[in-house]
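Please take these sequences and the hints and turn them into a complete structure.
2 protein chains.
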Amino acid sequence: MAISKTEKFTKTENKISDWAKALSHPARIKILKILAQKNLCMCGDIVDLMPLAQATVSQHLKELKRVGFIKGEIEGPKICYCLDYSVLNEAKNKINEFLNSIIIQ
Amino acid sequence: MAISKTEKFTKTENKISDWAKALSHPARIKILKILAQKNLCMCGDIVDLMPLAQATVSQHLKELKRVGFIKGEIEGPKICYCLDYSVLNEAKNKINEFLNSIIIQ
DNA sequence: AAACCTTATCGTATATTTACGATAAGCGAT
DNA sequence: ATCGCTTATCGTAAATATACGATAAGGTTT
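Protein chains in written order, with my numbering: chain A, 1 to 105; chain R, 1 to 105.
Be a bit skeptical, because a hint or two may be false.
No distinction is drawn between identical chains; accordingly, a pair holds when it is met within one copy or between any pair of copies.
Said to hold, decoys possible - List time: in silico DSBU-like cross-link candidates among lysine-lysine, alpha-carbon distance up to 35 Å:
| no. | residue 1 | residue 2 |
| --- | --- | --- |
| 1 | Lys38 | Lys62 |
| 2 | Lys71 | Lys21 |
| 3 | Lys78 | Lys65 |
| 4 | Lys38 | Lys8 |
| 5 | Lys62 | Lys78 |
| 6 | Lys38 | Lys71 |
| 7 | Lys71 | Lys15 |
| 8 | Lys71 | Lys8 |
| 9 | Lys65 | Lys33 |
| 10 | Lys38 | Lys65 |
| 11 | Lys78 | Lys8 |
| 12 | Lys78 | Lys33 |
| 13 | Lys78 | Lys38 |
For the record, the hints were derived by calculation from the structure and aren't laboratory data.
In structure tokens, the structure reads:
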């Protein structure tokens, strides 16, 4: 974009769109699914299951971390990723609330 | 991006992320809100309520039309936009279903 | 410490997104 | 037909996003 117009919109509008942005790539949807199935997951295992290079997966993980959907903890030489259910729940509720508010009159 | 990797992901992963992409800008969240309040809305009225130039608003409307969240009908010289509740409902349900599937074990 | 494994970051290329002014395209009224 | 109004599209600039190989950074093991 040219210049960010974040300040022209409300906090809620920015929050909803920011969560949506984190969900706006199929790779990130797939990563969230993988983490949901395994509960805890070594970074390397995620990379193995993804059709993308390690560096690219790392970038997607960073974006998911940015909004707080996942957390990573150092486990020796590896990193153990897991979902942050409280943030995911908040996002789920607020997105749902928003969509309901525009659908139901 | 370099090369699109859409074919490497499932139809559902692509669908969810595509809906999320449409919601990934505060301007588009605001446009949906405006349309929800007014039910029907002339394009010009939307432009007047947005902190962006007419050409930019038109681009955002195009993205919302692309995924089917809104429809536009020609009304003489103007264009009347409205929400497509069936598509919005489908998106709401599928996004909610997805988030529930990763939150609830 | 050296070799090894794991993952983040850097550098880079390309595509896409966002934003805007200017213009075109379509309709209504004069 | 021309003028005025409305909105999409074009052209363009700048920012972001996506992808990958290469490298760095940090821990383990030998």
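* Asked: Looking back at the numbered hints, which does the structure fail to meet, lowest number first?
  -> none
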